[in-house]
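S.K.: Here the protein sequences come in this chain order: A and B. The opening residue of the first sequence carries number 1 in full-length UniProt numbering; numbering runs sequentially from there. The opening residue of the second sequence carries number 1 in full-length UniProt numbering; numbering runs sequentially from there.
These are computed hints drawn from the structure, not numbers from a lab. Mixed in with the good hints, there may be bad ones.
Copies of the same chain look alike in the list, so a pair counts if it works inside one copy or between any two.
Derived SDA-like pairs (lysine to any residue); straight-line CA-CA distance at most 20 Å [stated by the list, open to error]: (1) K119 - F37; (2) K110 - S39; (3) K119 - S39; (4) K110 - A26.
Chain by chain, the residues:
Protein chains: 2
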Amino acid sequence: MEELPGALGTSPSLVLRLGQAIFASASLFFMCLEIEFYSYTAFCYLVTIMGLMVPWSLTLAVVDGYSVFVRHLPPQARVTAIIVAGDWVLSFLALAASCSTASVADVLLKVGVPYCSAKLCSRYRLSAAMAFLSWFLSLVSALFNLWLLPSL
Amino acid sequence: MEELPGALGTSPSLVLRLGQAIFASASLFFMCLEIEFYSYTAFCYLVTIMGLMVPWSLTLAVVDGYSVFVRHLPPQARVTAIIVAGDWVLSFLALAASCSTASVADVLLKVGVPYCSAKLCSRYRLSAAMAFLSWFLSLVSALFNLWLLPSL
Numbered sequence: 001m002e003e004l005p006g007a008l009g010t011s012p013s014l015v016l017r018l019g020q021a022i023f024a025s026a027s028l029f030f031m032c033l034e035i036e037f038y039s040y041t042a043f044c045y046l047v048t049i050m051g052l053m054v055p056w057s058l059t060l061a062v063v064d065g066y067s068v069f070v071r072h073l074p075p076q077a078r079v080t081a082i083i084v085a086g087d088w089v090l091s092f093l094a095l096a097a098s099c100s101t102a103s104v105a106d107v108l109l110k111v112g113v114p115y116c117s118a119k120l121c122s123r124y125r126l127s128a129a130m131a132f133l134s135w136f137l138s139l140v141s142a143l144f145n146l147w148l149l150p151s152l
Numbered sequence: 001m002e003e004l005p006g007a008l009g010t011s012p013s014l015v016l017r018l019g020q021a022i023f024a025s026a027s028l029f030f031m032c033l034e035i036e037f038y039s040y041t042a043f044c045y046l047v048t049i050m051g052l053m054v055p056w057s058l059t060l061a062v063v064d065g066y067s068v069f070v071r072h073l074p075p076q077a078r079v080t081a082i083i084v085a086g087d088w089v090l091s092f093l094a095l096a097a098s099c100s101t102a103s104v105a106d107v108l109l110k111v112g113v114p115y116c117s118a119k120l121c122s123r124y125r126l127s128a129a130m131a132f133l134s135w136f137l138s139l140v141s142a143l144f145n146l147w148l149l150p151s152l
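Only chain A is shown next, with the shape it has when bound in the complex (with noise of 0.2 Å):
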């Protein structure tokens, strides 16, 4: 069978893996850091799907990295489909996530200092970008793996 780049065990696919755990992270780390996240429900809800999403997506960076690295792993049916379902429930749930974010962010901002000082403001803004970025990457693997999918 033709290797699909882009899926499971492939190069292309570390790439997209590693760069979805890394935008997780750096938007958990603008969220995190030194700000009190847990007094708006769409911050904690980004935390929450950013916290699944790196661990997600390093643990099939370490199998990616295995197949590219040490020795290929065949694509199995079985395994393809529960990472294809798995993310396209994560990549819903980080669209879900980053557009709240930026969405509260831009009221907050609206309403002013006693809620929102312009530093806090642009850091909520960076994080849902990050996870904006994370989403996509997201969506481009799972794109990947449900087109190889059939073939399997």
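Here the structure of chain A is known, so what remains is to put chain B in place on it, guided by the hints.
M.R.: Using the frame of chain A, we list chain B on its own:
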């Protein structure tokens, strides 16, 4: 070829499309009627997306209705691919819009009266809930049509 319930041209699909159009219209109704929704980006975004969702769903409902009640239309690969793409894009946009609206309504309720009375906030929330239901039905349609696609 076997007919897949939920794919274009079947009666379950007609029900799904009508549901999408009704929920999207309800979302628009709760958001627009006597409210100055354009002061928040998230609400403008919701109105835009639901304003796209209504004609899209109604058009496909008409096609389904024609296929069910007048003359059966066999599914075509190219048409189905376009509909799947449109459904996926609209469903992502609708998810983003409903989550943004819900989280903005949540923050406005927290911030309090000058920005949002209790009655207004409950309308924002209802609007977000309707948009969420519309997203869900749109996702179901997209999944059914995607399932049908490889067999065409």
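S.K.: The structure should be examined with respect to each hint, and the outcome stated for every one.
M.R.: Okay, the hints, checked on the actual structure:
{"no.": "1", "hint": "K119 - F37", "verdict": "within (14 Å within a copy, 27 Å between copies)"}
{"no.": "2", "hint": "K110 - S39", "verdict": "both (17 Å within a copy, 10 Å between copies)"}
{"no.": "3", "hint": "K119 - S39", "verdict": "within (17 Å within a copy, 23 Å between copies)"}
{"no.": "4", "hint": "K110 - A26", "verdict": "neither (25 Å within a copy, 28 Å between copies)"}
Checked against the numbered hints given earlier, this structure breaks only hint 4.
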